[in-house]
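Residue numbers (UniProt numbering), protein chains in the order written: chain A, 1 to 322; chain B, 1 to 301.
Wrong hints could be hidden among the right ones.
[As the list claims (entries may be wrong)] In silico contact screen, one side only, chain A against chain B (beta carbon under 10 Å); selected entries: (1) 57; (2) 59; (3) 175; (4) 230; (5) 237; (6) 239.
FYI, nobody ran anything at the bench for these hints, they're computed from the structure. Nothing here was measured: the structure is a model prediction, and the numbers come from that model. Glycine included, each C-beta is placed from N, C-alpha and C at the ideal position.
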Amino acid sequence: MAFEVKSPGLSTTVQDRGRPGYYNVGIPQGGSMDQYSAEMANALVGNPPEAAVLECTYLGPVLTATEAALVAVTGAPVPVRVNGQERQEWTRLALEAGDELSFGPLRGGTRFYLAFAGGIDVPEVLGSRSTYLIGGIGGRKLEAGDVVPIGVPDGVPPRSEAVPEEFRPVFAKEQAVRVVMGLYDHRLTQAGRESLLTGEWTVTPVADRMGIRYSGPGVQWKEREQPFGAGSDPSNIVDAGYAVGSIQIPGGTQPIILHRDAVSGGGYAMVATVISADMDLLARAAPGTATRFVEASLDEALEARKERTAFRDRALAALRSG
Amino acid sequence: MSAPSLELHEARYTWGGDEFLFVEVDEAMSLAANFKVMTLASKLSAVGVEGVVDICPANASLLIRFDPDVLAPSVLESTVRKLEREAAMGHADTLETRIIEVPVWYDDPFTAEVAQRFREGFHQEPEGTDLDYAAKVNGLEGAAEFIRRHHEQPWLVSMVGFVAGLPFLFQLVERQKQLEVPKYLSPRTDTPKLTVGHGGCFGAIYSVRGAGGYQMFGVAAAPIYDPAQSLADFEDFMVFFRPGDNVKFRPIDEQEYNAIQDEVANGTFRYRQAPVVFELHSALEDPERYNRELMEALNGI
Numbered sequence: 001m002a003f004e005v006k007s008p009g010l011s012t013t014v015q016d017r018g019r020p021g022y023y024n025v026g027i028p029q030g031g032s033m034d035q036y037s038a039e040m041a042n043a044l045v046g047n048p049p050e051a052a053v054l055e056c057t058y059l060g061p062v063l064t065a066t067e068a069a070l071v072a073v074t075g076a077p078v079p080v081r082v083n084g085q086e087r088q089e090w091t092r093l094a095l096e097a098g099d100e101l102s103f104g105p106l107r108g109g110t111r112f113y114l115a116f117a118g119g120i121d122v123p124e125v126l127g128s129r130s131t132y133l134i135g136g137i138g139g140r141k142l143e144a145g146d147v148v149p150i151g152v153p154d155g156v157p158p159r160s161e162a163v164p165e166e167f168r169p170v171f172a173k174e175q176a177v178r179v180v181m182g183l184y185d186h187r188l189t190q191a192g193r194e195s196l197l198t199g200e201w202t203v204t205p206v207a208d209r210m211g212i213r214y215s216g217p218g219v220q221w222k223e224r225e226q227p228f229g230a231g232s233d234p235s236n237i238v239d240a241g242y243a244v245g246s247i248q249i250p251g252g253t254q255p256i257i258l259h260r261d262a263v264s265g266g267g268y269a270m271v272a273t274v275i276s277a278d279m280d281l282l283a284r285a286a287p288g289t290a291t292r293f294v295e296a297s298l299d300e301a302l303e304a305r306k307e308r309t310a311f312r313d314r315a316l317a318a319l320r321s322g
Numbered sequence: 001m002s003a004p005s006l007e008l009h010e011a012r013y014t015w016g017g018d019e020f021l022f023v024e025v026d027e028a029m030s031l032a033a034n035f036k037v038m039t040l041a042s043k044l045s046a047v048g049v050e051g052v053v054d055i056c057p058a059n060a061s062l063l064i065r066f067d068p069d070v071l072a073p074s075v076l077e078s079t080v081r082k083l084e085r086e087a088a089m090g091h092a093d094t095l096e097t098r099i100i101e102v103p104v105w106y107d108d109p110f111t112a113e114v115a116q117r118f119r120e121g122f123h124q125e126p127e128g129t130d131l132d133y134a135a136k137v138n139g140l141e142g143a144a145e146f147i148r149r150h151h152e153q154p155w156l157v158s159m160v161g162f163v164a165g166l167p168f169l170f171q172l173v174e175r176q177k178q179l180e181v182p183k184y185l186s187p188r189t190d191t192p193k194l195t196v197g198h199g200g201c202f203g204a205i206y207s208v209r210g211a212g213g214y215q216m217f218g219v220a221a222a223p224i225y226d227p228a229q230s231l232a233d234f235e236d237f238m239v240f241f242r243p244g245d246n247v248k249f250r251p252i253d254e255q256e257y258n259a260i261q262d263e264v265a266n267g268t269f270r271y272r273q274a275p276v277v278f279e280l281h282s283a284l285e286d287p288e289r290y291n292r293e294l295m296e297a298l299n300g301i
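The following block holds chain A by itself, in its conformation from the complex:
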């Protein structure tokens, strides 16, 4: 079973739950940017959550099925078409051999996901099928003429053919992103700290799997004599490991939030970190999204993490019970 790629889309890659354990040598976790959407796509076609999917950015691919197949499309709102006829997102679709799957223009967000019953069967590298483009691990972006291999389905699709409305994420033009202050936040002035937490920040087009850059009011750093080896700018530190989700503000003007393909370290001070429960939310931010950073305590972050897991479990239960 396979899919033939007629047109690859803008940037379509294979992703799964990621590749933990190699961050110490600069190989990022990778994996689907919006993990919840990818997991729901897998659930709809009866795949386990770790099955590999296609992550499509902005402009989707055009694919032809070589055999009958079950597929599901989730994530950013996008018109789904089978042989030119509109079909539903967040539902299970049955394709026949020769059917062509294509997509219209995105109506929000940046990335949508395609799961195929059986999962995408490319080889694992370091325990994951995720593509890490810069490092040349797990292949590359799809190209026209590629054949995407699909594994043999071994799961039973759930009774429900669709993810109920209340379990579909919202792709809003405004976001409140919860952050735990810390790391080097003591290097900001009080005014700089307030600016970060009260200002309105806008997602710029400079956003990819490595990180998302924002524009906004800027922040101020405390003036000081820099420690040996750090570099001269007050936003510089002796090069250190970067937490995934952490916010750095080189020079104090444009915050950058690191995401799944983060560089693992560098010399810019980080001042806060997006809580794990909001990393999917961040992945749904399109350029122009107005963003507020809301301070959370570590305990609140842990509570939000539990709530996210519980929400996911309720969605899976709803699918199973039909």
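Dock chain B against chain A, hints included.
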């Protein structure tokens, strides 16, 4: 010089959200701080705490990723604090490692071409070269003297990261002899693969082509990252360098660079390397004398 101690002062503990513990051993870079980081990282790794996902030793700090569903943040913190006290009391000031010779074509045409593309708005002195600028800010006579200082004494891999397999390097000389260079005013979007760069007090070898902000001085001739694992040096893992490795750069010319390219293409290239036991106290007491011993290990093979 007084007897070196791993103790320094107590590290600073802080959280990177709900999945990362960050331990800053020192704000400033030093060999002793780096050694304490490496000691702490290896102790934590040896203990094998369930729920620890990644242990990332950096220059003067340690980043630990954990799964809070398995390991409570407070338990992780108290575990690391205990190991930090042990590291301060212990005698762990030696490291079984290796010294590796890295051939470099300094003042090469590849980095020169990229440097030309990123001058106005990127570089402090757009009219000159990165090498001339680095020589000037270090009070040296010119590029040739800077290059000599760069390869004369060995370096320590103080951190691996940024992108896959990129080593940060700290030269094993006294602080007043360290080469220090500002980073580019704004990062470049392009850096040739295997560029030998420098920013702050750190050297780097860019493992892959991509963005970068360090000044560029030359290119290393052989791969340091090989996801296909085609060369013998990558048999065990796709990343060549490990924290604690000692590196001795060897200047080469275009002819030798091309000869090494052929060896890489044929799959016959091997790095010249020798095992060494790195001694922190010797390195701190009299760096140049100790460096001669290190280099003898390399020359003895």
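Structure-based check of each hint:
Taking 10 Å as the C-beta contact cut-off toward chain B, the hint placing residue 57/A at the interface is violated, the least distance being around 19 Å. At about 22 Å, the closest approach between the beta carbon of residue 59/A and any beta carbon in chain B exceeds 10 Å, and the interface hint on this residue is violated. Taken as an interface hint, residue 175/A does not check out: its beta carbon lies about 17 Å from the nearest beta carbon of chain B, beyond 10 Å. Taken as an interface hint, residue 230/A checks out: its beta carbon lies about 6 Å from the nearest beta carbon of chain B, inside 10 Å.
With a cut of 10 Å, the hint placing residue 237/A at the interface with chain B holds, because the nearest CB-to-CB distance is about 8 Å. The beta carbon of residue 239/A is positioned within 10 Å of a beta carbon in chain B (closest approach about 5 Å), and the interface hint is therefore held.
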